[in-house]
Structure formats: C-alpha cells, structure tokens
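Chemist: Sequence:
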Amino acid sequence: MKLSVEAKVAAAVAAGFIALTAGAMAQGQTSDPNKNATSTMSQQREDRQEAREQRGDHREARDQREDRRETHRQREQRYQSKKHKG
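For what it's worth, the numbering used here labels the leading residue of the sequence shown as 558, then goes sequentially.
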C-alpha cells in the first residue's frame with residue numbers, strides 16, 4: 558500500500574502531538590511551569606526542615622521556616638504589585 562506525501566506528513570504531525578502530550582502529562586505541568594517547579598522546590602525545603610526538626614533542631618528550624626515564609630510572602634506581594642502595574 559502506497560501512502561501519499563500528505564498522509565505521511567499528517568501521520569508524522571499526529572505522532573509529534575502524541576509525544577508532546579505524553580511528555581507534558583508525565584511532567585505534570587500546569588499552565589505555569591515555573592509555579593510547578595517552585596512548588597516542588599518548596600516541598601523539598603519543607604521536607605528537609607521536617608528532618609531537621611526530628612533531629613532536635615526544631616526551634617531553629619521553625620524560626621528559619623517562618624523567616625522564609627515571610628520572605629516568600631514579601632516577594633509574592635512585590636511580584637503581584639509589579640504584575641498589576643505593568
């Protein structure tokens with residue numbers, strides 16, 4: 558069976574979309590890939606903090622975590638402020 562050039566191109570394009578879709582699903586990306594990466598990094602930091610707390614560094618770890626959260630809140634506020642101005 559002989560396929561036309563158009564059929565071959567259509568099959569290649571369809572295969573490309575399938576591969577891209579499967580790759581995006583495997584990564585679990587949302588519409589904002591930076592948000593997903595930030596969430597993962599934040600979760601890793603939280604996991605490390607919890608491990609420190611379990612080793613007995615709980616007061617210092619708690620204070621550091623609260624400081625980081627406050628810093629994150631301040632950065633988020635600046636980002637939102639810039640976003641709404643621009």
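If you are wondering where the hints come from, they were derived from the structure by calculation, not from laboratory data.
If you're wondering where the values come from, they're calculated on a predicted model, not measured in any experiment.
All C-beta atoms, glycine included, are put in the ideal place defined by N, C-alpha and C.
Keep in mind that a hint or two might mislead.
[Stated by the list, open to error] Label-pair distances were calculated between CB atoms; the ranges are:
id	residue 1	residue 2	range
1	Arg-609	Gln-634	24 to 32 angstroms
2	Glu-633	Ala-608	40 to 48 angstroms
3	Met-582	Ser-638	28 to 36 angstroms
4	Tyr-636	Ala-576	50 to 58 angstroms
5	Ala-576	Arg-609	37 to 45 angstroms
6	Gln-611	Ala-571	34 to 42 angstroms
7	Tyr-636	Asp-604	23 to 31 angstroms
Chemist: None of the hints should be skipped; say for each whether it holds.
Modeler: Cross-check of the supplied hints:
1. Arg-609 to Gln-634: 24 to 32 angstroms: holds (27 angstroms)
2. Glu-633 to Ala-608: 40 to 48 angstroms: violated (26 angstroms)
3. Met-582 to Ser-638: 28 to 36 angstroms: Between Met-582 and Ser-638, where Cβ atoms are some 34 angstroms apart, the hint holds.
4. Tyr-636 to Ala-576: 50 to 58 angstroms: violated (34 angstroms)
5. Ala-576 to Arg-609: 37 to 45 angstroms: holds (41 angstroms)
6. Gln-611 to Ala-571: 34 to 42 angstroms: violated (51 angstroms)
7. Tyr-636 to Asp-604: 23 to 31 angstroms: Because 25 angstroms falls inside the window, the suggested range holds.
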